[in-house]
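Next come the chains, spelled out residue by residue.
Protein chains: 4
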Amino acid sequence: MKNTAKNKWSIILGGSSGLGLATAKKLAQHNFNLIIVHRSRRSDLEQITADFEAIRQKGILLKNYNVDGTNPEKRTEVIEDIKTWIATDTIAVLVHSIAKGNLKPMHSEIEKELEHQDFTITLDAMAISLYDWTKDVVKNKLFATDTRIISFTSEGNTKAIPNYAAVSVAKVALEAITRNIALEFAPIGIKANCIQAGIVDTASLQMIPGYERIKDSALSRNPNKRLTTPEDIANAVYLLTMEEAKWITGTVIKVDGGESLQ
Amino acid sequence: MKNTAKNKWSIILGGSSGLGLATAKKLAQHNFNLIIVHRSRRSDLEQITADFEAIRQKGILLKNYNVDGTNPEKRTEVIEDIKTWIATDTIAVLVHSIAKGNLKPMHSEIEKELEHQDFTITLDAMAISLYDWTKDVVKNKLFATDTRIISFTSEGNTKAIPNYAAVSVAKVALEAITRNIALEFAPIGIKANCIQAGIVDTASLQMIPGYERIKDSALSRNPNKRLTTPEDIANAVYLLTMEEAKWITGTVIKVDGGESLQ
Amino acid sequence: MKNTAKNKWSIILGGSSGLGLATAKKLAQHNFNLIIVHRSRRSDLEQITADFEAIRQKGILLKNYNVDGTNPEKRTEVIEDIKTWIATDTIAVLVHSIAKGNLKPMHSEIEKELEHQDFTITLDAMAISLYDWTKDVVKNKLFATDTRIISFTSEGNTKAIPNYAAVSVAKVALEAITRNIALEFAPIGIKANCIQAGIVDTASLQMIPGYERIKDSALSRNPNKRLTTPEDIANAVYLLTMEEAKWITGTVIKVDGGESLQ
Amino acid sequence: MKNTAKNKWSIILGGSSGLGLATAKKLAQHNFNLIIVHRSRRSDLEQITADFEAIRQKGILLKNYNVDGTNPEKRTEVIEDIKTWIATDTIAVLVHSIAKGNLKPMHSEIEKELEHQDFTITLDAMAISLYDWTKDVVKNKLFATDTRIISFTSEGNTKAIPNYAAVSVAKVALEAITRNIALEFAPIGIKANCIQAGIVDTASLQMIPGYERIKDSALSRNPNKRLTTPEDIANAVYLLTMEEAKWITGTVIKVDGGESLQ
Numbered sequence: 001m002k003n004t005a006k007n008k009w010s011i012i013l014g015g016s017s018g019l020g021l022a023t024a025k026k027l028a029q030h031n032f033n034l035i036i037v038h039r040s041r042r043s044d045l046e047q048i049t050a051d052f053e054a055i056r057q058k059g060i061l062l063k064n065y066n067v068d069g070t071n072p073e074k075r076t077e078v079i080e081d082i083k084t085w086i087a088t089d090t091i092a093v094l095v096h097s098i099a100k101g102n103l104k105p106m107h108s109e110i111e112k113e114l115e116h117q118d119f120t121i122t123l124d125a126m127a128i129s130l131y132d133w134t135k136d137v138v139k140n141k142l143f144a145t146d147t148r149i150i151s152f153t154s155e156g157n158t159k160a161i162p163n164y165a166a167v168s169v170a171k172v173a174l175e176a177i178t179r180n181i182a183l184e185f186a187p188i189g190i191k192a193n194c195i196q197a198g199i200v201d202t203a204s205l206q207m208i209p210g211y212e213r214i215k216d217s218a219l220s221r222n223p224n225k226r227l228t229t230p231e232d233i234a235n236a237v238y239l240l241t242m243e244e245a246k247w248i249t250g251t252v253i254k255v256d257g258g259e260s261l262q
Numbered sequence: 001m002k003n004t005a006k007n008k009w010s011i012i013l014g015g016s017s018g019l020g021l022a023t024a025k026k027l028a029q030h031n032f033n034l035i036i037v038h039r040s041r042r043s044d045l046e047q048i049t050a051d052f053e054a055i056r057q058k059g060i061l062l063k064n065y066n067v068d069g070t071n072p073e074k075r076t077e078v079i080e081d082i083k084t085w086i087a088t089d090t091i092a093v094l095v096h097s098i099a100k101g102n103l104k105p106m107h108s109e110i111e112k113e114l115e116h117q118d119f120t121i122t123l124d125a126m127a128i129s130l131y132d133w134t135k136d137v138v139k140n141k142l143f144a145t146d147t148r149i150i151s152f153t154s155e156g157n158t159k160a161i162p163n164y165a166a167v168s169v170a171k172v173a174l175e176a177i178t179r180n181i182a183l184e185f186a187p188i189g190i191k192a193n194c195i196q197a198g199i200v201d202t203a204s205l206q207m208i209p210g211y212e213r214i215k216d217s218a219l220s221r222n223p224n225k226r227l228t229t230p231e232d233i234a235n236a237v238y239l240l241t242m243e244e245a246k247w248i249t250g251t252v253i254k255v256d257g258g259e260s261l262q
Numbered sequence: 001m002k003n004t005a006k007n008k009w010s011i012i013l014g015g016s017s018g019l020g021l022a023t024a025k026k027l028a029q030h031n032f033n034l035i036i037v038h039r040s041r042r043s044d045l046e047q048i049t050a051d052f053e054a055i056r057q058k059g060i061l062l063k064n065y066n067v068d069g070t071n072p073e074k075r076t077e078v079i080e081d082i083k084t085w086i087a088t089d090t091i092a093v094l095v096h097s098i099a100k101g102n103l104k105p106m107h108s109e110i111e112k113e114l115e116h117q118d119f120t121i122t123l124d125a126m127a128i129s130l131y132d133w134t135k136d137v138v139k140n141k142l143f144a145t146d147t148r149i150i151s152f153t154s155e156g157n158t159k160a161i162p163n164y165a166a167v168s169v170a171k172v173a174l175e176a177i178t179r180n181i182a183l184e185f186a187p188i189g190i191k192a193n194c195i196q197a198g199i200v201d202t203a204s205l206q207m208i209p210g211y212e213r214i215k216d217s218a219l220s221r222n223p224n225k226r227l228t229t230p231e232d233i234a235n236a237v238y239l240l241t242m243e244e245a246k247w248i249t250g251t252v253i254k255v256d257g258g259e260s261l262q
Numbered sequence: 001m002k003n004t005a006k007n008k009w010s011i012i013l014g015g016s017s018g019l020g021l022a023t024a025k026k027l028a029q030h031n032f033n034l035i036i037v038h039r040s041r042r043s044d045l046e047q048i049t050a051d052f053e054a055i056r057q058k059g060i061l062l063k064n065y066n067v068d069g070t071n072p073e074k075r076t077e078v079i080e081d082i083k084t085w086i087a088t089d090t091i092a093v094l095v096h097s098i099a100k101g102n103l104k105p106m107h108s109e110i111e112k113e114l115e116h117q118d119f120t121i122t123l124d125a126m127a128i129s130l131y132d133w134t135k136d137v138v139k140n141k142l143f144a145t146d147t148r149i150i151s152f153t154s155e156g157n158t159k160a161i162p163n164y165a166a167v168s169v170a171k172v173a174l175e176a177i178t179r180n181i182a183l184e185f186a187p188i189g190i191k192a193n194c195i196q197a198g199i200v201d202t203a204s205l206q207m208i209p210g211y212e213r214i215k216d217s218a219l220s221r222n223p224n225k226r227l228t229t230p231e232d233i234a235n236a237v238y239l240l241t242m243e244e245a246k247w248i249t250g251t252v253i254k255v256d257g258g259e260s261l262q
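Residue numbers (the numbering used here), protein chains in the order written: chain A, 1 to 262; chain B, 1 to 262; chain C, 1 to 262; chain D, 1 to 262.
Do not take every clue at face value.
Copies of one chain are not kept apart here, so a pair can be met inside one copy or by any two copies together.
[As the list claims (entries may be wrong)] PhoX-like, lysine-lysine: derived pairs with alpha carbons at most 25 Å apart:
no., residue 1, residue 2
1, Lys63, Lys25
2, Lys100, Lys135
3, Lys104, Lys135
4, Lys225, Lys246
5, Lys63, Lys225
6, Lys74, Lys215
7, Lys112, Lys135
8, Lys25, Lys246
9, Lys74, Lys112
10, Lys225, Lys215
11, Lys159, Lys246
12, Lys63, Lys83
13, Lys225, Lys159
14, Lys26, Lys246
15, Lys159, Lys215
Think of the hints as simulated: they come from the structure by calculation, not from any bench.
Turn these sequences into a full structure, and let the hints guide you.
See below:
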């Protein structure tokens, strides 16, 4: 994969904010064209349009689809549309940055408790959708002969956190799906990895009950004395798209400044 | 938990064959009364009836419900029925032995490939149902003040195996759910653990493509030179129901004679 | 292994205090005779003598050797002495509870820093000695045909803790040695496991700088709202000596009331 | 860390063959000057001299010390010598590629068995020496303000392999030391990681009994259908020296083409 080639595309699912947007900016610096799938509210569109325009200024092409990437019909529509314009270009990178988890306690006298459907919805959006996209892009023969698939997990993969069961389940599911993608799609040149991010102060984090405590705890644990930034994660995504990373597949890589060490 | 008490009950989900049936026999030897939920075909009923009768001969009570334990209406019916007869007795053990996984490749030119729904169905049956049952039994205040929840996982929790992605995902999901149950239901006396079984030569195994190769490989890897038996696993379940196991919670315990070591 | 047999012996290395002593008491209740190897100061001997006498009152035999169990000559002497009196009895359990770790920072302007020798001393005492004892007892044909080897590890196996590097290294080394013992001694009936204890308020803990903070943190994390006791661990050792545990080998089992979950 | 700077040095311990030599070549391409510590036999020196000369042709400086890097006196001598010529340059990368493990069975009627000393020697060379070098280079204030320490581990970190106990122990020890280095040296800008290499067909591998079987098994397991090469690992080392990797620390990263997945 030559990163300097103008005809390499990266799909970023969830690329209008947080880790996804930072990744878009970083990959654009390294000459990837971008297909960004995002679900954004009208009130955020002005900012997002400006962000995308700034990325285009770097001299790459950016196509965006403001649709729900977890909806199968929308996924089909996006892929069909891509086929109308992509010609002989290929997609060399797929980044999954969809965060849509339901946070509820398993057991409470006062709060609404986690239900079967909370697991299903969270798993659909945060885990199984990675397989759905991978399979459809493969079927439509849009991937390059050397493709990198990258998604994001968290320390919730081994820890239990109150209210966080559905997201924890989605994260371990995402990792298991990644392992099987790395195994079963290897014959067609796909490498798949998860990046385990430290605590990042994003909009998603701020919706978690106890958000301030989580932030403070991460700060005090981190031997490098700051939280993880979206740019830290985007940097790691970029490393995994490089030629030198082609033998790394089926793994979970911690990018947290050592936060999970203690 | 006094194991000698006649009024302690164990629910076994999937208790008419394999690991579940072996567990029923073992717990009956140690004076647990049994509620067995199983989904059995007419052709198997004669054998199952005989098995259950033999268990009753050990002097314990055995109630069985031949229904689909993963169906929410059936679950409600079973629990409502239990309430009609259980009086002041309590349920001190919940064993989850439901195996219903869809085995398909992620990528194949010739076979039917894994679909979104395969993940959903497998996750519902093999993972989320553990939470559904736990929550409903808690809500109906049927659990003892010291309760043990035990479910079964496999080496698919860290390994990728062709065709096995949906089951791998369900196993890691089950483990994550178990960790959160151990955390969030601790205040009401619940301990929850997974047993990671070695390869057992059950009906479920025999449905996996490449079954003979899996068996041979497990045999040759196992330093104790045999496959895992349902009785090995039932023994470990019994250990986890003992008074001495009350500080073990939120863990995955390998019971495989060392098969996963190499 | 019949636990009721009077002629089964358990060696406990480090059996005069903490986890080792609690284990001695528990195994004595279940009719194990005991060989206790301990290194005790003169000032502690009165208490230890009383503890051992109380154990003997349970009707089992207890032999104790007040020697440094990590010294190879002393090990040879103890084993030679055992051979003079054990006749046709066998050793069915070996418990390793030797804690002798050097706690120093890797990097400090003011404190003495960790040196090469600190690793060597800690590894010798807390890890390699398990192999030394196992090998020598095997060579002298003193083990039963079904033997259980049990040792103790901690969350330091995956976490980095300031000042604790040498002990962390010894713990992962102990676990790796245990895995190879489980593999390579399987043909002669040995099963080997580690118990990962939660924070126990022992003399060893009290020597760690920041001891109070470690205790408080463990308490606040533990979903079962107390620290781990020596008796919790002794209970788990007992479970691993039972007939029903014979298929559990080469594993690390957490016994911490869920403390490591979050 | 600007990789283009001429005044950045990398120390490579064990840099005359295998992973170390491949790493030297890769880092030289990216403008690192090299200090190579190696213990080479006279018969290999002609080849090694040619290799080093070829590296120098890339336009970087290469200093080599043919001494036993695990010997404390030699380590002191090398560091003292470096101080005589390094002036204001700094060492920004330390790569540990020392392989010197004793391979013996734990239990055998016919072969020489593993002894206490085999563990000690292997741990000294393959694990503790990483700390020794780190500490001494820190004490002599030779590290850059942003330094990357990289060492090599293997699947022996979780697997038990006959004859391989001492190396397995050294690998888990190396990983634990790396975690504590990442934690305790973070305040002075050090990041430390291990690369878990797949099976590489090196001289070290060829000394393992059963070498052909290990190679065949790795090949058949690897979804990307080849063994790992020294260049694969050198590529990953290079990634970890990049500016973009600065938030990755305290981790183990698999670089094996997916070999360990199944």
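**Report entry** Index of numbered hints that the structure contradicts, given in increasing order
**Finding:** 5 and 6
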